[in-house]
Structures are given as C-alpha cells and as structure tokens.
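Number of protein chains: 2
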Amino acid sequence: MCEATAYLMRKNGDEELLLADVDLIEPQEGGQMRLVSIYGEQKVLKAKIKSMSLVNHRVVLAEQ
Amino acid sequence: MCEATAYLMRKNGDEELLLADVDLIEPQEGGQMRLVSIYGEQKVLKAKIKSMSLVNHRVVLAEQ
Numbered sequence: 002m003c004e005a006t007a008y009l010m011r012k013n014g015d016e017e018l019l020l021a022d023v024d025l026i027e028p029q030e031g032g033q034m035r036l037v038s039i040y041g042e043q044k045v046l047k048a049k050i051k052s053m054s055l056v057n058h059r060v061v062l063a064e065q
Numbered sequence: 002m003c004e005a006t007a008y009l010m011r012k013n014g015d016e017e018l019l020l021a022d023v024d025l026i027e028p029q030e031g032g033q034m035r036l037v038s039i040y041g042e043q044k045v046l047k048a049k050i051k052s053m054s055l056v057n058h059r060v061v062l063a064e065q
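Line by line, the protein sequences are chains C and G. Under our numbering, the first residue of the first sequence is numbered 2, with each subsequent residue one higher. Under our numbering, the first residue of the second sequence is numbered 2, with each subsequent residue one higher.
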C-alpha cells in the first residue's frame, strides 16, 4: 500500500506525528488542510505542505 | 513503488499530464511548486495542490 505518514512541524520547529496511513490530502478554503487515512480517520487543521516524499511515505505539514 | 502521477489542471479546467513517477513534492517561495520524479526529472511551476490520493497514485495541481 502507498499511504504515507503525516507529520506536523510546529512553529517552534518540533515535529510530531499527525496521522498515519494517509491516503487523501486536500487543501481547503481558508488555509485549512484535510487529511484522510485509509481507515477513514480525518484531520482538518490550519497547515501548509512543507515537503513530501512518496517513496519514503512521508508528508510534513507546517503549522500556520 | 509508491510514486504518483502528477496532473496539471489548467485555468480553463483542462487536465493534462505533468510528470510521471513523482517522488518529491515541495512548495517553494513565491507560489512555485517543485516536483521531482524517481528518475530525477524535475518540474518547477506556479501551481497549488488541488487534491492528492496516495492510494490511487494521483496528484492534481491547479495552475495559478
């Protein structure tokens, strides 16, 4: 499977696990980002994509 | 392998192939987006992420 793990980089530079097994990533209106895992778990938060490596299954979002 | 195919949605709504076998996706300064394939092919263009499904290996960027 090709889902990824999403991490959130806080404004102070700390990185934490946000959501595992992410399938969907969809920017929303108002600077929100929506992530949905393959299990249907959903997170919506004010963040931007910082970097993404699909081969490494790694998505890093930056807190806004 | 978990790379994806990136499509570009033009302002008129047309969708076209942008880059195959994408590994890295990195927003840059000034609204540019950088994509790099597993073969090292790189595209940098003024676009935003519209939607992404990792399970479907599909990334859609919207032309800005």
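Derived from the structure by calculation, the hints contain no laboratory data. Just so you know, not all the hints are guaranteed correct.
Where chain C lies over chain G, by a calculated footprint (3+ residues, C-beta under 8 Å) [claimed, not checked]:
#: 1; stretch: 5–14
#: 2; stretch: 27–39
#: 3; stretch: 42–54
Cross-link-like lysine-lysine pairs, in silico, DSS-like; alpha carbons within 27 Å at most [unchecked claim]:
#: 4; chain 1: G; residue 1: Lys12; chain 2: G; residue 2: Lys47
#: 5; chain 1: G; residue 1: Lys47; chain 2: C; residue 2: Lys12
#: 6; chain 1: C; residue 1: Lys44; chain 2: C; residue 2: Lys12
#: 7; chain 1: C; residue 1: Lys47; chain 2: G; residue 2: Lys51
#: 8; chain 1: G; residue 1: Lys49; chain 2: C; residue 2: Lys47
#: 9; chain 1: G; residue 1: Lys12; chain 2: C; residue 2: Lys12
#: 10; chain 1: C; residue 1: Lys51; chain 2: G; residue 2: Lys47
#: 11; chain 1: C; residue 1: Lys44; chain 2: G; residue 2: Lys49
#: 12; chain 1: G; residue 1: Lys51; chain 2: C; residue 2: Lys51
#: 13; chain 1: C; residue 1: Lys51; chain 2: G; residue 2: Lys44
Some chain C residues flagged as far from chain G (calculated, every beta-carbon gap over 12 Å) [as the list claims (entries may be wrong)]:
#: 14; residue: Glu16
#: 15; residue: Ile39
#: 16; residue: Glu42
#: 17; residue: Lys51
Remember, predicted model here, so these are calculated numbers, not experimental data. For glycine and all other residues, C-beta sits at the position ideal for the given N, C-alpha and C.
Cross-check of the supplied hints:
Given a C-beta distance limit of less than 8 Å, the hint that chain C covers the stretch 5–14 of chain G is violated, as 1 residues qualify and 3 are needed. Coverage of the stretch 27–39 of chain G by chain C holds. Counting CB-CB distances below 8 Å, 3 residues qualify, and the rule asks for three or more. By the rule of at least three residues with a Cβ nearer than 8 Å to a Cβ of chain C, the coverage given for the stretch 42–54 of chain G holds, with 6 such residues. Proximity of Lys12 (chain G) to Lys47 (chain G) is assessed by CA-CA distance (about 12 Å); at most 27 Å being required, the pair is judged to hold.
Using a Cα cut-off of 27 Å, the hinted pair Lys47 (chain G) and Lys12 (chain C) holds, with the two alpha carbons roughly 25 Å apart. Distance check on the hinted pair: Lys44 (chain C) and Lys12 (chain C) sit about 18 Å apart at the alpha-carbon level, within 27 Å; holds. For the proposed pair Lys47 (chain C) and Lys51 (chain G), the alpha carbon gap of about 16 Å is at most 27 Å, so the pair holds. A distance of roughly 16 Å separates the Cα atoms of Lys49 (chain G) and Lys47 (chain C); the hinted pair therefore holds under the 27 Å criterion.
Restraint check for Lys12 (chain G) and Lys12 (chain C): the C-alpha separation of about 33 Å exceeds 27 Å, so the hint is violated. Note on Lys51 (chain C) and Lys47 (chain G): the hinted pairing holds, with a Cα-Cα distance of about 16 Å set against a maximum of 27 Å. With a C-alpha separation of about 20 Å, the suggested pairing of Lys44 (chain C) with Lys49 (chain G) holds against the 27 Å cut-off. Between Lys51 (chain G) and Lys51 (chain C) the CA atoms are separated by roughly 15 Å; this keeps the pair inside 27 Å, and the hint holds.
For the proposed pair Lys51 (chain C) and Lys44 (chain G), the alpha carbon gap of about 17 Å is at most 27 Å, so the pair holds. Distance check on Glu16 (chain C): its Cβ is at least 16 Å (rounded) from any Cβ of chain G, clearing the 12 Å threshold; non-interface status holds. Non-interface status of Ile39 (chain C) relative to chain G is broken: a Cβ of that chain comes within 12 Å, the nearest being about 6 Å off. In this structure Glu42 (chain C) is separated from chain G by more than 12 Å, as the shortest Cβ-Cβ distance comes to about 14 Å.
Against chain G, the non-interface label of Lys51 (chain C) is violated: not every CB pair exceeds 12 Å, the least being about 7 Å.
When held up to the earlier numbered hints, the structure conflicts with 1, 9, 15, 17 and fits the remainder.
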